[in-house]
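Line order of the protein sequences matches chains A and B. In terms of numbering that gives the first Met the number 0, the first sequence opens at residue 0 and continues consecutively. In terms of numbering that gives the first Met the number 0, the second sequence opens at residue 0 and continues consecutively.
Treat each hint with caution, since some may be false.
[Stated by the list, open to error] Calculated cross-link-like contacts (lysine-lysine; reagent style DSSO-like; alpha-carbon spacing at most 30 Å): (1) A/LYS7 <-> B/LYS45; (2) B/LYS7 <-> A/LYS45; (3) B/LYS7 <-> A/LYS7; (4) A/LYS45 <-> A/LYS7; (5) B/LYS7 <-> B/LYS45.
[Said to hold, decoys possible] What follows is a list of derived Cβ distance ranges for each label pair: (6) A/GLU118 <-> B/SER2: 13 to 23 Å; (7) A/SER59 <-> B/ALA24: 38 to 48 Å; (8) B/ALA23 <-> A/ASP31: 44 to 54 Å; (9) A/ILE117 <-> B/SER12: 20 to 30 Å; (10) B/GLN11 <-> A/GLU118: 10 to 20 Å; (11) B/THR65 <-> A/ASP115: 37 to 47 Å; (12) B/ASN18 <-> A/THR65: 26 to 36 Å; (13) A/VAL86 <-> B/GLY103: 44 to 54 Å; (14) B/ARG47 <-> A/GLY103: 33 to 43 Å; (15) A/THR87 <-> B/SER62: 36 to 46 Å.
Derived from the structure by calculation, the hints contain no laboratory data. If you're wondering where the values come from, they're calculated on a predicted model, not measured in any experiment. Think of the CB as a built atom: it goes at the ideal place given N, C-alpha and C, for glycine as much as any other residue.
There are 2 protein chains.
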Amino acid sequence: MPSQEHMKRVLQSYVDGFNAGDAAAVATLFADDAVIEDPVGTPAIKGREAIDEFYANAVSAGSRLTLDAPIRGSHGDRAAMAFTVEVTGLRIRVIDAMTFDGQGRIARMEAFWGPDDIER
Amino acid sequence: MPSQEHMKRVLQSYVDGFNAGDAAAVATLFADDAVIEDPVGTPAIKGREAIDEFYANAVSAGSRLTLDAPIRGSHGDRAAMAFTVEVTGLRIRVIDAMTFDGQGRIARMEAFWGPDDIER
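Pulled out of the complex, with its shape left as it was, chain A reads as follows:
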C-alpha cells in the first residue's frame, strides 16, 4: 500500500503539473488502466490513451489550480484534496478523490464538482 507521504506528494504533483502546463507530468501519475470520473456522474474515461488526451486538453486550456486546504490522506490507499480551478475566466470549485494501486499510481480519480460549483 502506498504511504501517506507518497499519496500526498502525487496529489501535489498533480496540482503542480497543471500549473507548470505539463500535461505529461500529470498523466504519468496515473496507472495505464486507470479510470477517471470527472465530473462525478458523467461517463468514465479509461486507459492510457484516453487519459493522455484528457490531460493534454485540460492542461492546454491553461487551468490554474490552487489548493483550498491541505491534502487529506486516509488509513488506506486513498487520498483527497479540495481546490479551485481558474480557467478561461471561470472559477470551478472541485474536490478530487484518488485511489492508488500497489505501484503507487492513481488507479481511480473522482472529481466532485457540479453545475453550481462554477463561478462565471
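For this one, chain A is given, so just place chain B on it according to the hints.
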C-alpha cells in the same frame, strides 16, 4: 436523483448538527441501510443502530466542524466537503464524500483523513 441544492443542504445540516450537539439530527440524514467508512481504510459501519451509536459518540465528544471551502456537488448523486474538526484539543482535517439514495438520504459516507491529518 436528489438535486444539487438538496445534497448541499444535507451536508450543511451534517455540519450544523454536530455544532448544535444534536446527534439525532446528524444520524437522521442517513438511510437505514447506509454504510459509513470513517476514516477510509477502516472497517465500515453499517445500518441504523450502528450509525446512531456512531454519531451519539462522535457528537457527545464535543466536536466542532468548520468548512474549509464551499460544499461541492457533482453531476450525479454524490457531493463532498472539506472541513476541520476541533475536538479534545485536536484539529483533524477531513474530506467527506457522500452518495445519496433516491429518497435523498445519505447511502454511503467516506471520510478521508489519515494519521498525518491530525494536529495535536
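Here's how the hints hold up against the structure:
| no. | hint | in the structure |
| --- | --- | --- |
| 1 | A/LYS7 <-> B/LYS45 | holds, 29 Å |
| 2 | B/LYS7 <-> A/LYS45 | holds, 29 Å |
| 3 | B/LYS7 <-> A/LYS7 | holds, 27 Å |
| 4 | A/LYS45 <-> A/LYS7 | holds, 23 Å |
| 5 | B/LYS7 <-> B/LYS45 | holds, 23 Å |
| 6 | A/GLU118 <-> B/SER2: 13 to 23 Å | holds, 19 Å |
| 7 | A/SER59 <-> B/ALA24: 38 to 48 Å | holds, 47 Å |
| 8 | B/ALA23 <-> A/ASP31: 44 to 54 Å | holds, 48 Å |
| 9 | A/ILE117 <-> B/SER12: 20 to 30 Å | holds, 24 Å |
| 10 | B/GLN11 <-> A/GLU118: 10 to 20 Å | holds, 19 Å |
| 11 | B/THR65 <-> A/ASP115: 37 to 47 Å | violated, 21 Å |
| 12 | B/ASN18 <-> A/THR65: 26 to 36 Å | holds, 27 Å |
| 13 | A/VAL86 <-> B/GLY103: 44 to 54 Å | violated, 32 Å |
| 14 | B/ARG47 <-> A/GLY103: 33 to 43 Å | holds, 38 Å |
| 15 | A/THR87 <-> B/SER62: 36 to 46 Å | holds, 40 Å |
Of the numbered hints listed earlier, those contradicted by the structure are 11, 13.
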